[in-house]
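J.: Next come the chains, spelled out residue by residue.
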Amino acid sequence: MKNWQEKIIQILLVGAASASILIVLLIFLFLGKEAFPFVSDPGIRVLLEHQWIPVSFKREVFGIIPLITGSVLVTILATGLMIPFGVLGAVYIAEIAIEKERAFLKPFIEIMAGIPSVVIGFFGLVVLSPVLKEVFQLNTGLTALLGAILLALMAIPTVISISEDAIRSVPKSFKEASLALGASRLQTIFRVVVPAALPGIIAAVMLGIGRVIGETMVVLMVTGNAAQITFNPVESVRTMTATIAAEMGEVAFGSNHYQALFWVGIVLLVITFGLNYVAQKVLNRYRMG
Amino acid sequence: MISKKVTEYLQMGLIRLATYTVVVFVGYILFDIFIKGFPTLNWEFISGFPRRSGAEGGILPAIVGTICLVTGAISFAFPLGMASAIYLTEYAKQGRFKGIIRLAISTLAGVPSIVFGLFGLGLFVLFFGFGASILSGSLTLAFMILPTIIVSSEEALRAVPVTLREGSLALGASKWQTIARNVLPYALPGMFTGSILGIGRAAGETAPILLTVAAFYLPKLPRSIFDQVMALPYHLYVLATQHPEAEKVLPMQYGTALVLLLLVILFNLSAIILRNKFRKKIQW
Numbered sequence: 001m002k003n004w005q006e007k008i009i010q011i012l013l014v015g016a017a018s019a020s021i022l023i024v025l026l027i028f029l030f031l032g033k034e035a036f037p038f039v040s041d042p043g044i045r046v047l048l049e050h051q052w053i054p055v056s057f058k059r060e061v062f063g064i065i066p067l068i069t070g071s072v073l074v075t076i077l078a079t080g081l082m083i084p085f086g087v088l089g090a091v092y093i094a095e096i097a098i099e100k101e102r103a104f105l106k107p108f109i110e111i112m113a114g115i116p117s118v119v120i121g122f123f124g125l126v127v128l129s130p131v132l133k134e135v136f137q138l139n140t141g142l143t144a145l146l147g148a149i150l151l152a153l154m155a156i157p158t159v160i161s162i163s164e165d166a167i168r169s170v171p172k173s174f175k176e177a178s179l180a181l182g183a184s185r186l187q188t189i190f191r192v193v194v195p196a197a198l199p200g201i202i203a204a205v206m207l208g209i210g211r212v213i214g215e216t217m218v219v220l221m222v223t224g225n226a227a228q229i230t231f232n233p234v235e236s237v238r239t240m241t242a243t244i245a246a247e248m249g250e251v252a253f254g255s256n257h258y259q260a261l262f263w264v265g266i267v268l269l270v271i272t273f274g275l276n277y278v279a280q281k282v283l284n285r286y287r288m289g
Numbered sequence: 001m002i003s004k005k006v007t008e009y010l011q012m013g014l015i016r017l018a019t020y021t022v023v024v025f026v027g028y029i030l031f032d033i034f035i036k037g038f039p040t041l042n043w044e045f046i047s048g049f050p051r052r053s054g055a056e057g058g059i060l061p062a063i064v065g066t067i068c069l070v071t072g073a074i075s076f077a078f079p080l081g082m083a084s085a086i087y088l089t090e091y092a093k094q095g096r097f098k099g100i101i102r103l104a105i106s107t108l109a110g111v112p113s114i115v116f117g118l119f120g121l122g123l124f125v126l127f128f129g130f131g132a133s134i135l136s137g138s139l140t141l142a143f144m145i146l147p148t149i150i151v152s153s154e155e156a157l158r159a160v161p162v163t164l165r166e167g168s169l170a171l172g173a174s175k176w177q178t179i180a181r182n183v184l185p186y187a188l189p190g191m192f193t194g195s196i197l198g199i200g201r202a203a204g205e206t207a208p209i210l211l212t213v214a215a216f217y218l219p220k221l222p223r224s225i226f227d228q229v230m231a232l233p234y235h236l237y238v239l240a241t242q243h244p245e246a247e248k249v250l251p252m253q254y255g256t257a258l259v260l261l262l263l264v265i266l267f268n269l270s271a272i273i274l275r276n277k278f279r280k281k282i283q284w
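Those protein sequences? They're chains A and B, same order as listed.
Count the first sequence with our numbering and you get residues 1 to 289, in order.
Count the second sequence with our numbering and you get residues 1 to 284, in order.
Any given hint could be a false lead.
[As the list claims (entries may be wrong)] Derived contacts from chain B toward chain A, CB cut-off under 7 Å, selection only: (1) 71; (2) 75; (3) 112; (4) 115; (5) 119; (6) 172; (7) 262; (8) 263; (9) 266.
[Stated by the list, open to error] Quick list of in silico lysine to any residue cross-link-like pairs, SDA-like style, CA-CA up to 25 Å: (10) A:2 / B:170; (11) A:133 / B:36; (12) B:280 / A:99; (13) B:280 / A:168; (14) B:98 / A:133; (15) A:7 / B:27; (16) B:98 / A:4; (17) B:93 / A:22; (18) A:175 / B:3; (19) B:248 / A:127; (20) B:93 / A:286.
By construction, these hints were calculated from the structure, which means they are not laboratory data.
C-beta atoms are modelled at their ideal positions from N, C-alpha and C, and glycine is treated no differently.
Can you build the whole structure from these sequences, using the hints too?
T.: Written out as C-alpha cells, the structure reads:
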C-alpha cells in the first residue's frame with residue numbers, strides 16, 4: 001500500500017481517538033454556555049441560598065444547598081451499604097467461592113449491572129416503598145433510605161468487579177508466605193491479601209460513589225423529591241439529578257430556572273469528574289507497582 | 001483449637017451470607033417482575049398501539065422507538081470506538097497525548113447520564129437545531145456508550161498475539177495491511193461483545209433520552225430521524241409515576257418492565273456467551 005494512504009488512515013484514526021477529548025470539552029463548554037447568563041442576573045450567590053423554590057408567584061429561589069444535601073445524604077447511606085456487601089462479595093468471589101459457584105456468580109453480577117435503573121426504581125416504588133412505610137410507621141415509604149438501598153444495589157457490581165480484579169492481582173507468593181507461616185485462610189485474606197489490594201478496593205468504592213451520585217431514575221422515582229435540608233434517612237429528599245430530570249421538561253428555555261438547572265449539572269459534573277480522576281490515578285499507580 | 005476453627009467457619013459463613021443476600025435480593029427483583037409481568041405479555045401487547053394514554057393496548061411504538069435509538073447510537077459509536085481503540089493499541093506511543101485521551105475516556109465513562117442529557121439538549125436539540133428527535137437522542141446515547149466500546153475493543157486488540165503482527169510485517173506488509181488482515185479479523189468478536197454491552201446499556205437508559213427525544217405519549221411510528229419517539233424505559237417511568245390512574249395500570253407497568261428487562265438481559269447474556277465462546281475457541 002502506498003505511503004500516503006497509510007498516512008491518511010493514521011490521521012483518521014488519530015481524529016477518531018481525539019473525539020473523546022473533544023466530547024469532554026464540548027460537555028463542559030455547553031453546560032457552561034447554557035448556565036453562564038445566570039452569573040450576571042440574578043447572580044451566582046443566589047445558588048447558595050437554603051431553599052429551592054423554582055416556581056413561585058412571589059419570589060423564585062434557586063438555592064441548590066438542599067439538593068446537594070439530598071444527594072449527599074443518599075450517597076452516604078448508599079456507600080455505607082455498598083462497602084460491606086461489595087467488598088465482602090469481591091472477597092468471596094475471588095478467594096472463597098469454588099469454581100462452579102464462580103461460574104454462576106460472575107455472569108450474575110454482570111447481568112445485575114445491566115438491569116436498567118428505571119426497572120429497579122419501579123420495583124422500589126411498587127414493592128419496597130409500602131414495606132418500608134409499614135416497618136418504620138411512616139407517612140410515605142418514599143425516602144432517602146429507600147433510594148440508598150436501591151442505589152447501593154446498582155453500584156455493587158462496579159465495586160465487586162473492580163475490587164475482585166485488585167484482589168486477584170495480589171501476587172500468589174504473598175498468600176503462600178502467609179499460609180506457610182501458619183496463618184489461617186481468613187487471616188491470610190484479611191491481613192495480607194485485602195491490605196495489599198486496598199488501593200484498588202478504594203478506587204472501586206470511589207467509582208461506585210460516582211455512580212451513586214450520578215444515578216437519576218431511581219432517586220427520581222423513590223426518594224419523594226421534597227427539596228429540604230435534612231439528615232434523617234427516613235425523610236424525603238430531592239437530589240441534584242432528580243431535580244434536573246423532573247424540572248427540565250417543564251421549564252422555559254433560557255429562563256433563570258433553566259440556567260439554574262444547568263448549574264446543578266455543572267456541580268454534578270465537577271463532583272463526578274473529581275472522584276473519577278482520583279480513582280483513575282490510584283488505579284494507575286497501583287498497576288505500576 | 002476447636003473454637004478457633006469454629007469462629008473461622010462462622011466468619012466464612014458471614015461473608016457467604018453477605019454475597020448471597022445481594023444475589024437473593026436481585027433474584028427476587030427479577031422474579032417479581034417476571035411473575036407479575038408475564039400475564040400481560042401477549043401478541044396484542046407487543047404489537048399493538050397504546051390507547052387511553054397507555055392504560056390499554058400495546059407498547060409497539062415504545063419498542064420501535066427503543067430499537068431506532070439503539071440502532072442509531074451503535075452506528076455512531078461502533079466505528080468511532082473501533083477506530084479509537086485501533087489508534088490507542090496499534091499506533092499511539094506512550095506519552096502525554098495518549099494519557100490525555102485515556103483521561104478523557106475515563107471521564108466520559110463517569111459522566112452522569114442526566115448530564116449527558118443536558119449536554120445533548122444544549123448541543124443537538126438547541127445548538128444544531130435537531131429538536132427533540134431520534135437523531136439527537138441517538139447521538140447523546142452514542143457518546144454515553146463510547147467508553148464501553150473503546151475499552152472492550154482495546155482489550156480485544158491486545159489479546160491478539162504480537163507474533164501475528166510481526167509475521168505479517170516481516171513479509172513486507174504495511175502497518176495498515178497488517179492490522180486490517182491479520183489483527184482485526186481476530187479482534188472483531190471481542191469488539192462485537194463490547195458493542196452488545198453498549199447496546200444493552202443504551203436500551204435501558206432513561207435520563208439522557210428524557211431531555212433529547214422521548215415523547216410522553218405518541219401512539220404512532222416514527223417516519224424520519226427528526227421525529228420524536230416513545231421509548232420503553234421512559235414509557236415505564238411515565239406509566240409508573242405520571243399516569244393519572246397509576247394504580248390501575250399496574251399490569252401495563254409490569255408488562256413494560258418485563259419487556260425491557262428481557263431485551264436488556266438478552267443483549268447482556270449473548271455478549272457473555274459470545275465472549276466465553278471465543279475465549280475458549282481461539283488457542284494461540
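J.: Would you mind confirming whether the straight-line C-alpha gap from residue 280 of chain B to residue 99 of chain A stays at or under 25 Å?
T.: Given that 25 Å is the threshold and the Cα spacing comes to 16 Å, the pair holds.
J.: Sort out whether residue 3 of chain B lies within 25 Å of residue 175 of chain A, counting only the CA atoms.
T.: OK: residue 175 of chain A and residue 3 of chain B at ~24 Å, within 25 Å.
J.: Between residue 2 of chain A and residue 170 of chain B, is the straight-line Cα distance small enough, at 25 Å or below?
T.: holds (17 Å)
J.: Need the status of pair residue 133 of chain A, residue 36 of chain B: alpha-carbon distance at most 25 Å?
T.: With a Cα-Cα distance of about 22 Å, the restraint between residue 133 of chain A and residue 36 of chain B holds, given a limit of 25 Å.
J.: Double-check residue 266 of chain B for me: the hint is only fine if its C-beta lies closer than 7 Å to a C-beta in chain A.
T.: Hint violated; residue 266 of chain B Cβ to chain A Cβ min 10 Å, cut 7 Å.
J.: Would the hint on residue 75 of chain B stand, with a C-beta cut-off of 7 Å toward chain A?
T.: Status violated, d = 14 Å.
J.: For the restraint on residue 262 of chain B, tell me whether the closest CB of chain A is nearer than 7 Å.
T.: Nearest chain A Cβ about 11 Å off; hint violated.
J.: Residue 93 of chain B and residue 286 of chain A were given as a pair; does the straight-line alpha-carbon distance stay at or below 25 Å?
T.: Given pair residue 93 of chain B, residue 286 of chain A holds - Cα atoms ~21 Å apart, limit 25 Å.
J.: If you draw a straight line from the CA of residue 93 of chain B to the CA of residue 22 of chain A, is it 25 Å or shorter?
T.: holds (20 Å)
J.: A closest beta-carbon separation below 7 Å is what the hint needs, so does residue 112 of chain B meet it against chain A?
T.: It holds, given that the least Cβ distance between residue 112 of chain B and chain A is near 3 Å, below 7 Å.
J.: Does the structure keep residue 7 of chain A and residue 27 of chain B at a Cα separation of 25 Å or less?
T.: violated (53 Å)
J.: Would the pair residue 280 of chain B and residue 168 of chain A pass a check requiring their Cα atoms to be no farther apart than 25 Å?
T.: OK: residue 280 of chain B and residue 168 of chain A at ~21 Å, within 25 Å.
Hints 1, 2, 6, 7, 8, 9, 14, 15, counting from the list given before, are not met by this structure.
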